[in-house]
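Asker: Sequence:
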Amino acid sequence: MTDPTMLEGGCDCGRVRYRLHGTPLVVHACHCRWCQRETGTAFALNAMIERDRLEASAEAPEIVLTPSASGQGQRIARCPHCRIAIWSHYAGSGPLVAFVRVGTLDDPDRLPPDIHIFTSTKQPWLALPEGTRAVPEYYDAAEVWRAESLERRSALKPRIDAWRAAGRPWD
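Just so you know, we're using full-length UniProt numbering here: the sequence shown kicks off at 1 and counts up by one.
No wet-lab data here; the hints were simulated from the structure. Glycine included, every Cβ here is placed at the ideal spot set by N, Cα and C. Take these hints with a grain of salt, some might be off.
Said to hold, decoys possible - Okay, the calculated beta carbon distance ranges per label pair:
1. 14 with 161: 32 to 42 Å
2. 151 with 13: 30 to 40 Å
3. 126 with 169: 31 to 41 Å
4. 64 with 108: 19 to 29 Å
5. 128 with 108: 10 to 20 Å
6. 59 with 170: 16 to 26 Å
7. 5 with 58: 15 to 25 Å
Unchecked claim - Taking lysine to aspartate or glutamate and the DMTMM-like style, the derived pairs with C-alpha atoms no more than 25 Å apart in a straight line are:
8. 157 with 143
9. 157 with 55
10. 157 with 140
11. 157 with 50
12. 157 with 52
13. 157 with 114
14. 157 with 137
Whole structure, please, built from the sequences with the hints as guidance.
Answerer: This is the structure:
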């Protein structure tokens, strides 16, 4: 029997494939101008998950350093052939947390957003459904994340702190 919490995805050409083992910590629909520019659309839909729960199962992606609003850059994992962005890593948690592009999943319908963020810069023509959880900027994870996700974040925090203390090595 297939694990119902395991999700699979990949790029357009199929050379880069991955599996998520377990549910994401949270799924964001980010409406910031950086995400709009980067994706060429109204928002980015990212599933945040621990990197050790993301298994690359085919050719490895190329990691591309790009600018970010923080000024610290982000590293985007792209297929070296079709150039599709598959996941990214931000400076705050570095290589320990991946922001998987939900649209690269084989079944993206399984991960609707838990919250819409940075809606202060949302495209004005985009109407969010009534009752959608949305915030103008960012939020407090303790108020939004599931208890299980908060526990996983607590378990990951010492590793993130050690990575930061080591000078944020990416290799």
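Asker: Hint by hint, say whether it matches the structure.
Answerer: Results of checking the hints against the structure:
1. As the Cβ distance of residue 14 to residue 161 is approximately 38 Å, the hint placing it in 32 to 42 Å holds.
2. Between residue 151 and residue 13 the Cβ separation comes to about 37 Å, which falls inside the hinted range of 30 to 40 Å.
3. Remark: the range hint 31 to 41 Å for residue 126 to residue 169 is upheld by a beta-carbon distance near 39 Å.
4. The hinted range of 19 to 29 Å is satisfied by residue 64 and residue 108, whose Cβ atoms lie roughly 22 Å apart.
5. Distance hint check for residue 128 and residue 108: the Cβ-Cβ separation is about 18 Å, which falls inside the suggested range of 10 to 20 Å.
6. Remark: the range hint 16 to 26 Å for residue 59 to residue 170 is upheld by a beta-carbon distance near 20 Å.
7. Between residue 5 and residue 58 the beta carbons are some 21 Å apart, a value that agrees with the proposed interval 15 to 25 Å.
8. A distance of roughly 18 Å separates the Cα atoms of residue 157 and residue 143; the hinted pair therefore holds under the 25 Å criterion.
9. Among the hinted pairs, residue 157 with residue 55 is consistent with the structure: their alpha-carbon atoms are about 21 Å apart, no more than 25 Å.
10. As the CA atoms of residue 157 and residue 140 are separated by approximately 16 Å, the hinted pair is consistent with the 25 Å bound.
11. The hinted pair formed by residue 157 and residue 50 meets the criterion: a straight-line CA distance of about 11 Å does not exceed 25 Å.
12. For the hint linking residue 157 to residue 52, the alpha-carbon distance of about 14 Å falls within 25 Å, and the restraint holds.
13. Taking the CA atoms of residue 157 and residue 114, the gap is about 22 Å. The hint holds against a cut of 25 Å.
14. Under the criterion of a C-alpha separation no larger than 25 Å, the hint pairing residue 157 with residue 137 is consistent with the structure, at around 23 Å.
The structure agrees with every numbered hint stated previously.
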